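Build the full structure now, drawing on both the sequences and the hints.
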Amino acid sequence: MGGSVFLGQFEQMVMLTLLQLGDDAHAINIRSYLEEQAGHRVTRGALYRTLDRLEDKGHVAWEADEPAPERGGFPKRRFSVTKQGLKALRASHGALHTLSSGLEAELRGP
Amino acid sequence: MSIKRPPRFAESLLRKLLPRGIRGDGVIGDLREEYVRVRTRRAAFTANLLYCANAILISVQYSLPHWRTKKPNPRATSDQHHPWTGSVETLLQDIRIAVRNLLKRPGFTLVVVATFAVGIGGTVAMFSALNSAFLAPLPYDDPNRLVFCTGRNRESTTGFLSAWDLFDYREQNDVFEPLELIRGFDVSVTITGGERPERVTEREISTGLFSMLGVAPLIGRDFVRGEEEVEAGRVVLLSYGFWQRRFGGEPDVVGNTLMIDDRPHTIVGVMPAGLDFLREADIWTAVRRDTGWGSSRGPQNWYAIGRLRDGVSIVQAQEQVNVIGQRLAEEYPETNANRGMHLTVFRERLVRGARPMFLVLAGAVGFVLLVACANLAGLLLARGVTRSGEMAVRSALGASRGRLVRLLLTESVLIAGFGGLLGLFLSHWLLQVLKQLAPASLPGARGFGVDVTALIFAMAVSIAMGLLVGLVPAIRSANANIAGQLSIGRRISDSLSGTRLRGTLVVAQVTLSLVLLIGSGLLMRSFWQLQSVDPGFEAGGVLTAEVALPQGRYSSGVEVSRFFGTLSEQIADRPGVVAAGAISRLPIASGGGDWPVYAEDNPPADQSEGGSAFTRTVTDGYFEAMRIPLLTGRGLGIDDARDAPIVAVVDEAWVDRFLPGEDPVGRNLVLGNTQRRVIRIVGLVGRVHGFSLSSNPFPTMYFSVNQWPRRTMSLVVRAASEPTSVTSTVRNAVSEIDPNVPVAKIATMTDVISISIAQPRRTTLLLGAFATVALLLATLGLYGVLAFFVNQRTHELGVRVALGAGSASVLRLVMRRGLLLVGIGLLLGIAGAATSTRFLQSMLFGVGSTDALTFVVVSLVLLAAATAACLIPALRAARVDPLTALRAE
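Read top to bottom, the protein sequences are chains H and L.
If you read the first sequence in our numbering, its first letter stands for residue 33, the second for the next number, and so on.
If you read the second sequence in our numbering, its first letter stands for residue 12, the second for the next number, and so on.
Accuracy of the hints is not assured; some may be wrong.
[Said to hold, decoys possible] Restricting the straight-line Cα-Cα distance to at most 25 Å, the calculated cross-link-like pairs of lysine-lysine (DSS-like) are: (1) Lys119/H with Lys89/H; (2) Lys108/H with Lys27/L; (3) Lys108/H with Lys89/H; (4) Lys89/H with Lys115/H; (5) Lys108/H with Lys15/L; (6) Lys446/L with Lys756/L.
The set of hints was computed from the structure by calculation and includes no laboratory data.
None of these values were measured; they are calculated from a predicted model.
Pasting the structure below:
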């Protein structure tokens with residue numbers, strides 16, 4: 033993996049969600065936000081896998097929050113986008129933007 | 012509030028499968044958090060199920076690629092070096108391949124998963140029910156030392172005892188720690204003093220019962236021994252449900268007064284929820300030695316529960332109570348000759364009524380499971396043959412035999428797992444049905460549900476079933492001859508032994524289904540017989556309602572008889588009413604109220620050998636409203652006034668028992684055994700099923716409400732049209748006479764009868780459903796095997812047709828093959844049914860357990876279904892076009 037500069041579509045969606053949620057970016061919230069906002073069914077496995085992959089690439093970092101009692105002492109990770117992640121996101125976004133210029137009418141649809 | 016935990020086994024599975032460290036732990040924590048949220052909205056069962064499903068999905072989706080990326084494995088592409096090493100990686104890889112394979116054939120997968128679900132669901136439901144009813148410990152202190160004490164005479168050991176006898180047993184024994192009394196039936200009483208009068212169920216017990224069982228009141232205190240004496244104030248314990256309903260759970264009720272039938276009772280405590288000891292009751296009152304039900308040695312209305320002292324066996328205890336019984340018989344020969352006390356282990360007694368039904372249903376479920384297994388094994392075997400090409404390719408690419416067997420087994424266990432999950436839902440539903448079927452006294456019946464034990468059981472059954480039905484097909488497929496398979500190309504051949512094995516499986520399915528079908532056929536016939544029993548009255552068009560007069564305001568017999576006399580007359584005069592009357596105990600709905608009696612001209616040789624008959628108080632219009640025919644003499648009427656000599660009307664069953672072959676009118680009967688009363692018989696009416704449709708009509712004597720007034724009577728109102736149309740007429744008539752008298756249990760007489768046979772109806776339906784499922788599976792199995800046979804032989808059939816065989820002879824060839832299997836199965840099934848249906852005997856009514864008609868009809872039904880199943884592939888075979896068949900090569 034690793035070498036690619038651009039992010040996958042789902043990776044971008046996850047990172048955008050992290051930015052939107054800010055301090056609330058815990059896995060459960062990320063998933064429900066994605067499902068609500070993007071209208072996209074997200075399986076837990078896919079989300080965790082993507083978060084791990086983004087972490088391995090250095091795009092995402094996490095901090096452990098104080099675990100609530102109902103979690104039975106299991107840690108709760110709060111995710112955030114790293115500087116490098118932001119750069120990659122901008123690059124992907126910019127590329128998309130460039131590629132889509134002049135196509136606004138088609139992309140907007142009838 | 013304690014924090015809910017997801018199922019432990021699922022979580023520990025996750026811990027094993029997810030990566031160690033914070034990544035895995037974070038996921039487990041997230042799942043826990045979601046679980047807690049779901050639990051606030053959904054039932055524990057649903058939440059647990061969702062959690063398990065999510066755990067499985069996450070393990071598959073998340074950890075599969077994880078292992079691959081985290082622990083790059085050079086052997087991942089070729090696994091021939093470690094066929095049986097228990098590496099998780101290989102297992103996960105197998106799972107992935109299996110999932111992909113299953114998704115490729117959704118139809119096949121669906122059928123197989125559904126079959127597994129039926130087998131596993133039924134088994135888990137029966138396991139849970141049997142476990143909580145027969146195996147799980149009773150919720151009482153040291154329940155194994157509890158014994159049930161019933162009355163014994165020459166005929167039976169299940170009768171009641173008199174309260175005074177029981178007091179003597181209690182005082183004279185030294186084998187019981189305590190011995191406590193319970194009245195044998197519940198009484199409906201009226202609670203007044205609130206906004207409206209309310210009818211509740213009252214049970215009378217001796218004061219030490221709850222402490223003996225180890226059940227402490229939730230608030231307040233238990234009864235104390237002194238409260239059995241007549242000079243003590245009347246006391247009552249409330250059930251949790253009644254406390255919530257009437258007092259809104261107010262803790263201050265203790266010490267308050269509750270008006271029960273207009274008598275003040277002091278509330279001493281509230282019992283905890285879920286105390287469904289024997290049956291539900293709203294309130295418990297303490298037995299009193301010198302008044303009411305507890306005040307005599309003659310009438311037998313009680314049984315008892317005792318706790319054996321340490322080191323005393325039930326046999327020793329029985330010996331001692333026999334000695335006491337002997338002593339009582341000598342002391343009170345009038346009442347106690349040939350009477351004694353019989354001891355039974357407590358749990359035995361609780362499950363007695365339910366055992367035959369549960370064992371039959373458990374047997375049926377076992378059969379369905381076996382049929383499902385045979386079906387699945389057949390399907391997987393056939394599937395294995397069609398996949399032999401794939402296996403050959405895998406094997407040629409380097410997969411070892413062990414690895415192939417493992418792959419196939421993983422597939423079947425995986426399907427079994429999904430089937431098991433689906434089966435859990437099914438069992439949850441089935442348990443709701445079983446709950447309805449179980450008698451209220453059955454321990455744990457109301458708590459029937461899928462618990463952790465059941466979940467573990469379901470998992471174990473699923474895995475075992477998956478391995479069982481998958482093993483032979485897997486080994487066979489893996490053994491496929493590579494060179495042969497690859498060179499033959501697309502044509503797939505099957506061995507002779509494989510054909511034989513599948514044939515045997517079909518025979519087994521037909522056999523087992525036939526046994527089940529015959530069993531359910533017998534139950535259906537028995538139910539049909541039961542339904543067509545003539546109850547002795549015309550139930551259609553009759554509305555019934557119970558009216559109970561509070562004792563305080565209606566203390567004299569005159570007031571009671573005037574109330575019911577006026578009420579019946581007034582209702583009968585209203586528009587829409589054809590006739591109206593009342594009876595002290597409604598037939599079918601309640602038995603009991605029997606008194607010792609004999610005909611004066613036909614006294615029994617031995618006083619203790621006398622029989623008994625139901626006593627019933629009726630108003631004038633009762634016989635007319637119920638359309639019970641008056642055969643000779645007269646009915647009861649105005650002439651039978653309070654001060655006139657008491658007279659009785661008897662029924663045919665009474666005459667058969669006490670004056671066989673004679674006209675009873677003008678003769679005398681002798682009622683009671685201590686204080687005998689001679690009563691003249693003035694009329695004879697038709698026999699009535701007083702107790703239930705399935706038991707023979709019991710001898711019955713009717714008395715006029717004027718001469719034998721009773722405070723609780725059931726109205727019977729015959730309406731001109733729909734019986735429910737007179738509901739408000741009845742309510743209004745009662746409240747016009749006295750607005751403080753409650754009208755309860757309003758129902759049509761048809762419903763009363765229907766409710767009385769609800770249990771046999773449900774048992775019949777349930778067994779019928781199991782049998783239908785088995786029939787469906789067997790038919791499917793048969794179809795599958797024949798379709799497969801035709802598929803395999805297309806080439807051969809084509810050659811036959813090309814050589815001149817007509818389509819009829821091809822049809823015959825295939826049909827012969829199918830019907831041979833069915834024939835063997837039918838013969839074995841009939842033999843099996845003939846030996847096993849006797850277990851149904853106790854549940855059958857009016858039909859023998861080897862009823863020839865049922866056997867024949869059911870066999871024909873199965874034969875018809877089987878023929879249809881054979882016909883489809885046979886017709887396809889008959890239409891084989893030789894050109895196409897041969898070109899297929």
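Holds or violated: are the alpha carbons of Lys108/H and Lys15/L at most 25 Å from each other? holds, 18 Å
If you draw a straight line from the CA of Lys108/H to the CA of Lys27/L, is it 25 Å or shorter? holds, 19 Å
Restraint check for Lys108/H with Lys89/H, where alpha carbons must lie at most 25 Å apart: Holds: Lys108/H and Lys89/H sit about 21 Å apart, inside 25 Å.
With the threshold set at 25 Å, check whether the alpha-carbon distance from Lys89/H to Lys115/H stays at or below it. holds, 12 Å
Are the Cα atoms of Lys446/L and Lys756/L separated by 25 Å or less? Holds, at about 23 Å.
Checking one constraint from the list: CA of Lys119/H to CA of Lys89/H, max 25 Å. Satisfied? Status holds; Cα separation ~12 Å.
Comparing the model with each numbered hint stated earlier shows that all of them hold.
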